[in-house]
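Engineer: For reference, the chains in residue letters:
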Amino acid sequence: MSFRNRELLNLIAVGLLTAIGFASVFIARSELVDSGSLVYAGIFFALFLVAHLVLRVVAPYADPVLLPLAALLSAIGVTVIYRLEPDDAFRQSLWIVIGVVLFALTLFALRRDHRALEQYKYLFGITAIALLMLPALPGLGQTINGARLWVKVGSFQFQPGELAKIFLIVFLAGYLRDKREVLAQGRLKDFGPLLLIWGGAMLVLVQTNDLGSALLHFGIFLAMLYVATGRAAFAFAGLVLFVGGAALVYRYVSHVQERVTIWLSPWTEEPVFCAQTGELALRQDCGSFQLVKSLYSIGNGGFAGTGLGKGTFTTTGGEPIIPFLNTDFIYSAIAQELGLAGAAGLLLVFMLFVARGFRVALLAGDGFSKLLAAGLTFGFALQTFIIVGGVLRVIPLTGITLPFVSYGGSSVVANFVLLALLLLVSSRANLQTARGRA
Amino acid sequence: MNRQITRLALTGVGLIVALVVATTYWQAWAAGDLADRQDNQIQRVAQFTIKRGEIRGNGIAYATNRREQKGGRTFFFREYPQRGLAAHVHGYSTQSRFRTGLERSLNDYLTGQNANLSTVLETFVDKAKGATIEGNDVVLTLVPRAQRAAQNALGSRCGAVVALEPQTGKVLAMYASPTYDPNLVEGSFDRVLGVRADCKRPDALLNRATAGLYAPGSIFKVVTAAAAIDSGRYEPDSEFVDPGYCEVYGKRVNNYDTTRPFGELDLHTALVHSVNSVFCNIGKELGAKFLVSYMKRFGFYEEPPLETPSNERAPSGLYKGTELFDPKEDTDVDPGRFAFGQERLLVTPLQMAMVAAAIANDGVVMRPQVVGRIVAPDGSVVVRSKPDELGRAVKVETARAVGAMMKDAVERGTGTAARLSGFTVGGKTGTAETGIAGLNTTWFISYAGKDRPQVAIAVVVEEQNSTGGQTAAPVAREVLQALLGKAANS
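Chains as they are written, first to last, in this note's numbering: chain A, 428 to 865; chain B, 546 to 1035.
It is worth saying that the hints were derived from the structure and are not from the lab. Quick caveat: nothing in here was measured; it's all calculated off a predicted structure. Among the hints, a few may not be true.
Claimed, not checked - Cut-off 20 Å, straight-line C-alpha distance, at most; resulting in silico cross-link-like pairs (DMTMM-like, lysine to aspartate or glutamate):
| hint | chain 1 | residue 1 | chain 2 | residue 2 |
| --- | --- | --- | --- | --- |
| 1 | A | K737 | B | E667 |
| 2 | B | K829 | B | E852 |
| 3 | B | K952 | B | D996 |
| 4 | B | K995 | B | E1023 |
| 5 | B | K834 | B | D782 |
| 6 | B | K615 | A | E512 |
| 7 | B | K940 | B | D782 |
| 8 | B | K841 | B | D871 |
| 9 | B | K615 | A | E746 |
| 10 | B | K865 | B | D879 |
| 11 | B | K829 | B | D879 |
| 12 | B | K841 | B | E874 |
| 13 | B | K940 | B | D775 |
| 14 | A | K737 | B | E679 |
| 15 | B | K995 | B | D879 |
| 16 | A | K737 | B | E613 |
| 17 | B | K952 | B | E780 |
| 18 | A | K737 | B | D877 |
Using the sequences and the hints given, assemble the complete structure.
Structural biologist: Given below as structure tokens:
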């Protein structure tokens, strides 16, 4: 069966799952949602059918599993958002439409050869840094939940970090392909760029107050450096530098300190000073209440979960218990309603996406494509780890989005561009393999 | 580069595997601990969607549900129709103040989360159907008439009453005063905290019956007498001479009434009239460690077993500050004053009821149980309490000898206020001075029945200006009458 027919079958399966998901939310909450919203599932399926048709034309040899997996993740996201906040689900669907449009535009623009991007690598690099610095500009940047990751123009609000991530990966793929031999020799002067980027990451950390975003970008850089040079010592040295730098930042930035304290001991037996109110309170009632409530939500799911639409996210009076449930904490909502079975299933979908992405990197024919695919995929995996790991108290909690699932325009759009790039690399690689055989 | 990509891929997949492990930890391994945390708001709200089992017993309901529709969900809120009648036993289940009492310790049964196979299946089917989960009903052994008698007899005084069935350990009455209205906990907690009564620290939420620690005074002589006779070194007719006081470490310790020394008397008479000097000399002879070993046989030094949460029960024994104190040497405590219930002895009414019950049950201590059975929504019995022997405290003859002393104490000694016509009643009074005049802790422990003991009871009243015989014994009498009257009718 051809790549695209396999993809179509996968998409139909995803479409059915989506329909079941929406139907179960509808049944569980029939008093609150109207049946018109059931059309969501249909629109959703149609949307990915369009993406599929674009692929048929532009990248016929692209991996047949990645698009259905992305569709499945988006479907889970929209279903859960719909269950939590029906109005947000409408906006999220609009963002998915825009995401698919950008997906198609990326595919069309780079249909001849995605390696054209390599020529503009420095432009991408500079733009990435500019985007990362954007929230730091006074008047433009916005601090939400303690982290300065947002930019607001009029009523339009977005996280430039999401797009910066992709631009940075494109730059690194081009730059490292260029310099990999020189870097691999390991002369001291060649460490210049490494130190420069380390400095940049630290600066971003200080500017945004956000450990997660810095960890994500620097992690991507180290991973790609390792892939390009084959020297694990570089990655290790970089990690040591990062930890050292983070420790330094930890000493001087109170927001980072608080995040780490919350992570290490979210519960206290005795009241401690609460920075938010200036009074003494148990930490679980103050700084760590988000994390703690989210853990309670996860714990309440147990093995099988409460069922879609049957979870508890509000008090008996209807007040929300967990803030940022749609975005940062969507995983704890899913874990409660779908239980360990559903949460592990969701993670399995992420794992499949990651495995498939690395497969694309392995099959790619040239260094740039390999680095690009590996960088995009690792970034995807690391981002998932940072947000879900934060919610699960594996690492300090930071406010980044769960790819394709969390509510948020910038995240959805950026991830569709990421998907388009992966599929372009994959299509070219598979085409070459097919020609090689023939 | 493929070697590096493969390694990076393993790292990437490894990161996600770590997330699966962490999720499993929180949802399987740590889920129980999370659910038990007092501040777990989600658990608290979620449990209101479960149709919680009722708490009832002997014809009345103590805890029922009020169904309410809110935001498209059905919630079941608790109502306590009997208000304060047995509030300390069943406790409360609220959103803002979590749970106490049986509502807390039996939460798994009441919410259908217990691990009995039938309940698991039923809950699973309910969940799968999306139907409301129904919890199991808890049926108490408390006798409402006796609860009411205790409530009326104590009135606004602070204290507690515990009545047990000696042969089975069934709790027939358990009342602590002041009580509180569990219906007010959610909305007007201030009124619960503000409950007033005739003592310095009313603390209405405290279950004085199981967690109130009091100096026992002379009721402890029952334990000393039992130990003395059981040791084989004393008989009920062992002779003593009472000079009106006893010398301990060269200091005099006086009888309650120093003006009228008894002169020559035997052990039996000493208990009937509660003569301190006799027990003081027995204590010096037996030693503190020996007495402690007998206390342990009655259940002291451990939290008295009951179905309520363990932090609502306190162990009885010698205390040093707030810590239990188990003397290593006989010289660690003053055995003379210890033997008649002073020194640093602190006991709960439940423990003293267990002592009375053991004497009434030929020396065998039964596990006190306030839950008779737990019943599934379909009426089938999930758990049925069976009488459980905790152990033998003293020999049969010892128990009978001490029982006879207590009987005479009610007939012609300090406990005449507890006499009930038509029934055999044995008892022992206690008056523990707190050092401030008019603030005695007064006690009465007793057993009563027609042909054989049917009830054992302990009553404590705080901050009284007279003796246990005048204050606590009449309360015991009221409760015994309520219990035995009912037994006579049925």
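Engineer: Taken at face value, is the distance from the CA of D879(B) to the CA of K829(B) at most 20 Å?
Structural biologist: Cα-Cα ~8 Å, so holds.
Engineer: So if I understand the rule, the pair passes when the alpha-carbon distance is 20 Å or less; does K995(B) with E1023(B) pass?
Structural biologist: holds, 16 Å
Engineer: Is the hinted pair K865(B) and D879(B) satisfied, with a Cα-Cα distance of at most 20 Å?
Structural biologist: holds, 13 Å
Engineer: CA of K834(B) to CA of D782(B), is that 20 Å or under?
Structural biologist: violated, 24 Å
Engineer: Would the hint linking K841(B) and E874(B) be met if the CA-CA limit is 20 Å?
Structural biologist: holds, 16 Å
Engineer: Are the Cα atoms of K952(B) and D996(B) separated by 20 Å or less?
Structural biologist: holds, 13 Å
Engineer: Decide if the proposed pair is consistent with the structure: K615(B) and E746(A), CA atoms, cutoff 20 Å inclusive.
Structural biologist: holds, 11 Å
Engineer: For the pair supplied as a hint, K737(A) and E613(B), confirm whether the alpha-carbon distance does not exceed 20 Å.
Structural biologist: Satisfied, since the Cα-Cα distance of roughly 16 Å is no more than 20 Å.
Engineer: Hey, K952(B) versus E780(B), does the alpha-carbon distance stay inside 20 Å?
Structural biologist: holds, 17 Å
Engineer: Holds or violated: are the alpha carbons of K615(B) and E512(A) at most 20 Å from each other?
Structural biologist: holds, 17 Å
Engineer: Holds or violated: K829(B) with E852(B), Cα cutoff 20 Å?
Structural biologist: violated, 38 Å
Engineer: Given the hint that K737(A) pairs with D877(B), does the C-alpha gap stay at or below 20 Å?
Structural biologist: violated, 61 Å
Of the numbered hints given earlier, the model fails hints 2, 5, 15 and 18; all others are met.
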